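**Q** Sequences and hints are given; from them, build the entire structure.
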Amino acid sequence: MFRTLRTLVAAALIALGGLTAASATAQTPAAPARKTVVLVHGAWADGGSWNRVVPYLLAAGLNVVAVQNPLASLEGDVANTTRVINDQAGDVILVGHSYGGVVITEAGNNPKVKALVYVAAFAPKPGQSVNAILSAFPPPAWFASLHADAGGYVTWPLSTWKTEFATGLPDDEQTVLHASQHPTFHGVNDNAIGDTAAWSSRPVTSVVSQQDHIIPAPLQMLFAQQMHSTVVPVEAGHLAMLIAPEETAKAIIAAANSY
2 MFRTLRTLVA AALIALGGLT AASATAQTPA APARKTVVLV HGAWADGGSW NRVVPYLLAA
62 GLNVVAVQNP LASLEGDVAN TTRVINDQAG DVILVGHSYG GVVITEAGNN PKVKALVYVA
122 AFAPKPGQSV NAILSAFPPP AWFASLHADA GGYVTWPLST WKTEFATGLP DDEQTVLHAS
182 QHPTFHGVND NAIGDTAAWS SRPVTSVVSQ QDHIIPAPLQ MLFAQQMHST VVPVEAGHLA
242 MLIAPEETAK AIIAAANSY
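Residue numbers (this note's numbering): 2 to 260.
Do not rely on the hints blindly, as some may be mistaken.
[Unchecked claim] Below, a list of computed lysine-lysine pairs in the DSS-like style, where the Cα atoms sit at most 25 Å apart: (1) 113 - 126; (2) 115 - 251; (3) 113 - 251.
[As the list claims (entries may be wrong)] Computed Cβ-Cβ distance ranges for the label pairs, DEER-style: (4) 154 - 219: 14 to 22 Å; (5) 152 - 218: 27 to 35 Å; (6) 60 - 136: 39 to 47 Å.
The hints are simulated quantities; they were obtained by calculation from the structure and are not laboratory data.
Source: prediction; values computed, not measured.
For each residue, glycine too, the CB sits at the ideal point set by N, CA and C.
**A** The following block contains the structure:
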């Protein structure tokens, strides 16, 4: 009888201990999801254009996703970027290069997006397109060199790709990038964002390329002023993330740590 009683008491204590442990586990809050940097490439590029920046972001403890946009319409690129944003578990820092700045100005209205980073990028006002922005300036000399195929997709010739678009990179790297450029539909620059620019309600960092031939530094500074950005100047041409990847990454990391 006493042996049976001892057995019952021991079983009860084990069960009680199990309940206590389970209760403690239930009361322990889950660790917050890590912040994710979503990188949005520009025209004539793809997600691989961020390859030199990604290792720095990962080393800083951030999740990283580089979007692959089709570059057929602003609507399609925003929808694709939004799908990526929605798939993340925690807060998102949204980064755009060049035309990618237009994409993040629209897609950044997603409530998951907590900060924006513009890297040598366009930053339109509500209802504005890239062509509306550029209409205030004379066409650049390189514009006439662009080639549109029968479907309306535009590419660069190697000559102006080297002297204008990919300045600052070694010649062989310029050539490889030119061979893999992503044709971009000519109409994307006519597509305007909606009535709300994401930069109006979120902290913004602007990485301003000082030797940019595509979006000149003074124009980038005008965008930065309208957005009340934290400005990070870099000594680079248009492809700042390839020419100055560490400085670009530091700006993104600082943005991620700013809230």
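**Q** Hint by hint, say whether it matches the structure.
**A** Against the structure, the hints come out as follows:
1. 113 - 126: At roughly 21 Å apart (the allowed maximum being 25 Å), residue 126 and residue 113 satisfy the hint.
2. 115 - 251: holds, 17 Å
3. 113 - 251: Holds, at about 22 Å.
4. 154 - 219: 14 to 22 Å: violated, 30 Å
5. 152 - 218: 27 to 35 Å: Given a distance of about 34 Å, which is inside 27 to 35 Å, the answer is holds.
6. 60 - 136: 39 to 47 Å: holds, 42 Å
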